[in-house]
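**Q** Spelled out, the chains give:
Number of protein chains: 2
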Amino acid sequence: MGKGKIAVQVGHATITASEETRRHHPEWWKGWFNEGQCKVVVKVNSESELHELKRQADELGLASAIIHDSGLTQVEPGTATCLGIGPAPAEVVDKITGTLPLL
Amino acid sequence: MGKGKIAVQVGHATITASEETRRHHPEWWKGWFNEGQCKVVVKVNSESELHELKRQADELGLASAIIHDSGLTQVEPGTATCLGIGPAPAEVVDKITGTLPLL
Chain H
26 MGKGKIAVQV GHATITASEE TRRHHPEWWK GWFNEGQCKV VVKVNSESEL HELKRQADEL
86 GLASAIIHDS GLTQVEPGTA TCLGIGPAPA EVVDKITGTL PLL
Chain Z
26 MGKGKIAVQV GHATITASEE TRRHHPEWWK GWFNEGQCKV VVKVNSESEL HELKRQADEL
86 GLASAIIHDS GLTQVEPGTA TCLGIGPAPA EVVDKITGTL PLL
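So the sequences go chain by chain: H and Z.
Mapping of the first sequence onto our numbering: residues 26 to 128, in sequence order.
Mapping of the second sequence onto our numbering: residues 26 to 128, in sequence order.
No lab work stands behind these hints, which were simulated from the structure alone.
Careful: at least some of the hints might be erroneous.
Identical copies look the same in the list; a pair holds intra-copy or inter-copy alike.
Derived DSS-like pairs: lysine-lysine, alpha-carbon spacing no greater than 30 Å straight-line [as the list claims (entries may be wrong)]:
| # | residue 1 | residue 2 |
| --- | --- | --- |
| 1 | K120 | K79 |
| 2 | K30 | K120 |
| 3 | K120 | K55 |
| 4 | K79 | K55 |
| 5 | K120 | K68 |
Work out the full structure: start from the sequences and follow the hints.
**A** As structure tokens, then:
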């Protein structure tokens, strides 16, 4: 994916995961929203890795959202392009993504 | 900026502009949120262009947000990196960004 398309996928994941968090962990959401809204974008090597990380987020009770692309342009229809996790306390999110390289 | 940093700036702009819209145009926000959350990422050539587009958004009564980077890594502190506009009806946003090239 080109950088513009990546940015759109991250935008989708940001909104969807943050809305889930607002619903299920409103205190985490409020703290994050008012204190700089830290975001870290890291990369994985495969769609199956996205699904595995989502499973780990579910296990830890974190809000998360996998974004599927309609595939009109750069990827096949239905491709999982991105996973948003949290917001949540950094030490919790780091259990899932802390060792992944920055994009 | 690298693609990961661009994605973070777009994530910031997405959240901030959409929260502004939720507050000032809740009906636009709700429609957008429930109908695919269309996002389009376009590019400009300068910070002053971002400020000029923000001025136009203000004039049309659209919610918008300029993102400033703290400049710890790839840009000077306080650099305006990104402008989020809307969500709003496409024909209104297009008055401002409709002729800009996709990122």
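**Q** Going through the numbered hints above, which ones does this structure break? Give me the numbers in ascending order.
**A** none
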